[in-house]
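Chemist: My request is simple: use the sequences and hints to build the entire structure.
In the order they appear, the protein sequences are chains A and B.
Residues in the first sequence are numbered consecutively from 1, following the working numbering.
Residues in the second sequence are numbered consecutively from 1, following the working numbering.
Hints listed in this document are in silico derivations from the structure and should not be mistaken for laboratory results.
One should not assume that every hint holds.
[Unchecked claim] Result set (DSSO-like, lysine-lysine): computed pairs, CA atoms no more than 30 Å apart in a straight line: (1) B:K233 / B:K201; (2) A:K10 / A:K48; (3) B:K180 / A:K27; (4) A:K48 / A:K27; (5) B:K7 / A:K82; (6) B:K233 / A:K12; (7) B:K213 / A:K82; (8) A:K16 / B:K233; (9) B:K26 / B:K213; (10) A:K82 / A:K12; (11) A:K27 / A:K16; (12) B:K180 / A:K16; (13) A:K82 / B:K233; (14) B:K24 / B:K201; (15) B:K24 / A:K12; (16) B:K213 / A:K16; (17) A:K48 / A:K82; (18) A:K27 / B:K24; (19) A:K16 / A:K48; (20) B:K213 / B:K7; (21) A:K16 / B:K201; (22) A:K12 / A:K48; (23) B:K24 / B:K213; (24) B:K233 / B:K180; (25) A:K27 / A:K10.
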Amino acid sequence: MQEDENRAEKMKVTVKVFATLRRFMEKESQVTIESGTTAGELLLMLTKEHPGLNNELFDETGVLREYVNILKNGRNIHFLNKLETIIEENDLIAIFPPSGGG
Amino acid sequence: MLTPEEKEQFIRQTPILGEDGQEKLKNAAVLVAGAGGLGTAIALHCAFAGFGTVRIADCDRIERSNLNRQTLYRLPDIGRMKADMAVERIQGVTPYLCTEAVNTVITVENVLQMTAGMDIIIDAMDNYDTRYILADAAEERGIPFIHGAIDGFYGQVATTIPGQSACLRCIVPHPPPRTKVPALSATTGIIGSIQVTEAIKCILGMGTLLTDKLLLWDGLHCEMDTIEVTPLKECPHCGECRKMKTEQKK
Chain A
1 MQEDENRAEK MKVTVKVFAT LRRFMEKESQ VTIESGTTAG ELLLMLTKEH PGLNNELFDE
61 TGVLREYVNI LKNGRNIHFL NKLETIIEEN DLIAIFPPSG GG
Chain B
1 MLTPEEKEQF IRQTPILGED GQEKLKNAAV LVAGAGGLGT AIALHCAFAG FGTVRIADCD
61 RIERSNLNRQ TLYRLPDIGR MKADMAVERI QGVTPYLCTE AVNTVITVEN VLQMTAGMDI
121 IIDAMDNYDT RYILADAAEE RGIPFIHGAI DGFYGQVATT IPGQSACLRC IVPHPPPRTK
181 VPALSATTGI IGSIQVTEAI KCILGMGTLL TDKLLLWDGL HCEMDTIEVT PLKECPHCGE
241 CRKMKTEQKK
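Modeler: Below you can see the structure in the form of structure tokens.
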């Protein structure tokens, strides 16, 4: 019983990636995470599974590239709690670098 | 009023836009901000759609390396001012088209003058510093701003309506590094065409706009997606904070 209580609850979220990130993973995936997982932890999970994403998302010092848009249900995590934003069950997480040329 | 000749010219689009709608376009003025890959596509489609005034702003001269995508220019045009040349190339599409070339850099200081008399601004810039200046001017003037950008096979479009939708900073709070991105005329053609479609709908008040949304085009996989962007209450440019400040000023 104690063991069950300690076991973190699992939940599913949808991750969609666009543009150059498509080179490294499918456009849409269902990802299973533990409750309380942050956006930063989710990104680390994704880069572990798809190492090519690492350079697209983080700079050489491991800091998230500021211009990469990470939207939790349409809200940019920049305006939430940044990488500490808690991901919740059934969240839709969209990740993409914006286009800039004209 | 449309003349009989104008009615004949637009006979294939009045079934969807209506004669009233065509007249609204005839009376509408658009600023095409930038005369590069996106801007040349946008300017041409605005002229063909029947906009009454097309003002084109760009401070650059035509270079050989522009000629893979900037479809209004030809080899003999190298060295000419882009805005001048673009205006020259779209003249004569309709009998009433009024064109204006602005051969200067868009700045905080001149943007309100540059947007005077405009009903809509279409973004064809290659950098976000200027995009934010234009978006702020659109907000100040209370006119729609149609954002567009490309990067190789990829592109994006969003429509912002001051006071009603998420602003450009809600959609792209941090710009990508300012670099020369790969560019393809097929991509600028697609994105520019979508931007003009949005502009037409804005002027005519029809259809569903790309407000609170970002359309993402992926030519490499031939996929188009629209993702929701929630307007931010705390956004200092379009959210509750700004509304509070505006109310305080009153």
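Chemist: All the hints need checking, so say for each whether the structure fits it.
Modeler: Evaluated hints:
no.	hint	result
1	B:K233 / B:K201	holds (27 Å)
2	A:K10 / A:K48	holds (19 Å)
3	B:K180 / A:K27	holds (26 Å)
4	A:K48 / A:K27	holds (17 Å)
5	B:K7 / A:K82	violated (55 Å)
6	B:K233 / A:K12	holds (28 Å)
7	B:K213 / A:K82	holds (21 Å)
8	A:K16 / B:K233	holds (25 Å)
9	B:K26 / B:K213	holds (28 Å)
10	A:K82 / A:K12	holds (20 Å)
11	A:K27 / A:K16	holds (5 Å)
12	B:K180 / A:K16	holds (27 Å)
13	A:K82 / B:K233	holds (16 Å)
14	B:K24 / B:K201	holds (11 Å)
15	B:K24 / A:K12	violated (49 Å)
16	B:K213 / A:K16	holds (15 Å)
17	A:K48 / A:K82	holds (20 Å)
18	A:K27 / B:K24	violated (41 Å)
19	A:K16 / A:K48	holds (17 Å)
20	B:K213 / B:K7	violated (35 Å)
21	A:K16 / B:K201	holds (29 Å)
22	A:K12 / A:K48	holds (18 Å)
23	B:K24 / B:K213	holds (26 Å)
24	B:K233 / B:K180	violated (34 Å)
25	A:K27 / A:K10	holds (22 Å)
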